[in-house]
Amino acid sequence: MAKTVNVNVHHVTRVEGHGNIVVNATDGQIEKVEWQVPEAPRFFEAMVRGRSYEDIQTIVSRICGICSITHSLASTKAVENAMGITVSEQADKVRILMHYSEQLQSHVLHVGYLVSPDLFGLPSVVPLAAKAPEVVMAVIRLHRLANEWSDLIAGRTTHPVTLKPGGMTKFPTEKELRQLQERLKNSVADLKAVAEAVLSVADKIPDFTRETEYVSLKQDNPPTYTFYHGDITSTDYDGTVAINDWKTVANEYVSDQSTAKWTKWHRSSYAVGALARYNNNAELLSPLAKDVAQMLGLTKGNCNPYMNNVAQIVECVHVVETSIGMIDELLTTGLKPETVKVSPKAGKASGCVEAPRGILFHEYEFDRKGNCVGADICIPTNQNHASIQDDFEKLVPEILDEGEDAIRLKMEMLVRSYDPCISCSTHMLDVQFVR
Amino acid sequence: MVLGLGNPLMADEGIGVHLIERLAPCAEQWPDVDFIDAGTGGMSVLYLIEGRQQALFIDCAFMGQEPGTIRRFTPDEVRSTKVLAHQSLHDADLLRILSLAEELGQCPERVVIFGIEPQVVEPRQGLSAVLLEQTEHYLAEILSELTA
Chain A
114 MAKTVNVNVH HVTRVEGHGN IVVNATDGQI EKVEWQVPEA PRFFEAMVRG
164 RSYEDIQTIV SRICGICSIT HSLASTKAVE NAMGITVSEQ ADKVRILMHY
214 SEQLQSHVLH VGYLVSPDLF GLPSVVPLAA KAPEVVMAVI RLHRLANEWS
264 DLIAGRTTHP VTLKPGGMTK FPTEKELRQL QERLKNSVAD LKAVAEAVLS
314 VADKIPDFTR ETEYVSLKQD NPPTYTFYHG DITSTDYDGT VAINDWKTVA
364 NEYVSDQSTA KWTKWHRSSY AVGALARYNN NAELLSPLAK DVAQMLGLTK
414 GNCNPYMNNV AQIVECVHVV ETSIGMIDEL LTTGLKPETV KVSPKAGKAS
464 GCVEAPRGIL FHEYEFDRKG NCVGADICIP TNQNHASIQD DFEKLVPEIL
514 DEGEDAIRLK MEMLVRSYDP CISCSTHMLD VQFVR
Chain E
24 MVLGLGNPLM ADEGIGVHLI ERLAPCAEQW PDVDFIDAGT GGMSVLYLIE
74 GRQQALFIDC AFMGQEPGTI RRFTPDEVRS TKVLAHQSLH DADLLRILSL
124 AEELGQCPER VVIFGIEPQV VEPRQGLSAV LLEQTEHYLA EILSELTA
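Which chain is which? The protein sequence lines are A and E, in order. Residue 548 is where the first sequence ends in this note's numbering, and the numbering goes up by one at each step. Residue 171 is where the second sequence ends in this note's numbering, and the numbering goes up by one at each step.
No lab work stands behind these hints: they were computed from the structure. We put the beta carbon where it would ideally sit given N, CA and C, even for glycine. Misleading hints may appear alongside valid ones.
[What the hints assert, rightly or not] Here are the simulated distance ranges between beta carbons: (1) 247/A with 153/E: 45 to 53 Å; (2) 145/A with 158/E: 34 to 42 Å; (3) 335/A with 44/E: 44 to 52 Å; (4) 286/A with 153/E: 57 to 65 Å; (5) 56/E with 407/A: 21 to 29 Å; (6) 268/A with 74/E: 19 to 27 Å; (7) 158/E with 168/A: 30 to 38 Å; (8) 167/E with 456/A: 53 to 61 Å; (9) 456/A with 128/E: 32 to 40 Å; (10) 162/E with 449/A: 54 to 62 Å; (11) 236/A with 56/E: 31 to 39 Å; (12) 240/A with 146/E: 32 to 40 Å; (13) 236/A with 85/E: 32 to 40 Å; (14) 314/A with 44/E: 42 to 50 Å.
Same shape as in the complex, but just chain A:
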């Protein structure tokens, strides 16, 4: 069969933002395989210049409507690092609890609404409701729990208002924490239902492997499956790199096929996200999360990018189970009111946390009044673009004889598996009257 293929997906669906897929092959000869990102730059690094250290997190939170807590935390940590500000143990724990709510929210939305249609062979989640209503109901309940969890700790579902350099402006009450803990315990059944649903269609996850470098945070003291503290590591690197040295990891560069910068460390690309965290920290997962990983066939060292979504389900279980324990700790010590007073000073430093879709770096420099004089932000989706391209280049020759439709679907699924978050847009109705 003559393998002449032309795939041109102008804007992949069910991802956040705009990305294109292009494949041209004639008589089995591949001429072009490209992952293109045509989004316009958004200049947040310029917007924060001249602004007070107190305003930074409020502004950069708006980079993303899905991982706004993550951007707020990364920037707040950078401010604190730059000015030598310390945070109380209780504020630290409550921030992690806040961060976990976003991990659950983002993963549930992505796997439940955007990835699941691929696995069930459907175009969107709407027909899935007819095929597997209990699973969709479980996803909606988990979505609601995650949003209301954010409301409680962050003050809002999106764009937190309880966070400030040096601590928190508001803590939840002990009664609210107990109520949250009860809801988290009750959500385990829904998490198991989602995991079992994915297991039932696990044969639809493409069998594809590419040796990949996986980069994530790693926390040794105490050993933790971390989203918040720690240093940078990779599956190609034995030690860790300090957060302030993140540029020696990311090595950002410009690619002709993308308006976003690309990154590379020990290879031509590296990947970040749930699978990267899992591959670097799997042994530190909570007990139930380990069980779910085993049930879904996820093992450390897995280099199938499509399994990132399985790792996301495992992480949902981990953050819920870990949060139940953290609330016990907070209730045992009791939450004490605290007043945060910060004196601004000149400094330059970075802050790093794990966004749901991978490691995130923020760097800021401040003058002695605490006004920002420079900023540099490196988001996880940028760090995955080169990896998506490398995956494409290995995947396409392997599936070239499967036909354009199958090639297109597998490539779209691959992009979606990375959970890319490319931009934001609006939501108006567009209708035609039929009656």
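Starting from the known structure of chain A, arrange chain E on it as the hints suggest.
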């Protein structure tokens, strides 16, 4: 419940949120009605409407009408012509979310949408003069629906 949808940072696209801000002070007169700023929550509508008997949505809508026109309709009176509908969580489509809720048996018995034709949808705060001038008219239309 009355849900206002939209993004106030995109001019008239935020009309639903603007009207909810105006309606909120009326909450005491309507103890059985919740006025909710659903913003650009997208799929969150799924759980916000769960268990409700009646839901009234206010949203900016391209309907091919004169800018500023308000039209009352039910989901079965229209079809979505939104090209990018349901492609991502940033681009949710209310009508598809309602059909998903219907499929799951979670849709309120009575759903009414008030669509308001925008004059300007672009990155800026504040409504266009055309919509601003008619705000009282919109509020009257919505409140009369509550007494219906």
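Against the structure, the hints come out as follows:
1. 247/A with 153/E: 45 to 53 Å: Taking Cβ atoms as reference, residue 247/A and residue 153/E lie about 47 Å apart, which means the hint holds.
2. 145/A with 158/E: 34 to 42 Å: violated (53 Å)
3. 335/A with 44/E: 44 to 52 Å: holds (47 Å)
4. 286/A with 153/E: 57 to 65 Å: violated (46 Å)
5. 56/E with 407/A: 21 to 29 Å: Between residue 56/E and residue 407/A, where Cβ atoms are some 49 Å apart, the hint is violated.
6. 268/A with 74/E: 19 to 27 Å: Since residue 268/A and residue 74/E have Cβ atoms about 25 Å apart, the given range 19 to 27 Å holds.
7. 158/E with 168/A: 30 to 38 Å: holds (31 Å)
8. 167/E with 456/A: 53 to 61 Å: Check passed, 57 Å falls within 53 to 61 Å.
9. 456/A with 128/E: 32 to 40 Å: With a Cβ separation near 57 Å, residue 456/A and residue 128/E fall outside 32 to 40 Å, so the hint is violated.
10. 162/E with 449/A: 54 to 62 Å: violated (46 Å)
11. 236/A with 56/E: 31 to 39 Å: holds (36 Å)
12. 240/A with 146/E: 32 to 40 Å: holds (34 Å)
13. 236/A with 85/E: 32 to 40 Å: Between residue 236/A and residue 85/E, where Cβ atoms are some 23 Å apart, the hint is violated.
14. 314/A with 44/E: 42 to 50 Å: holds (44 Å)
Checked against the numbered hints listed earlier, the structure breaks hints 2, 4, 5, 9, 10, 13; every other hint is satisfied.
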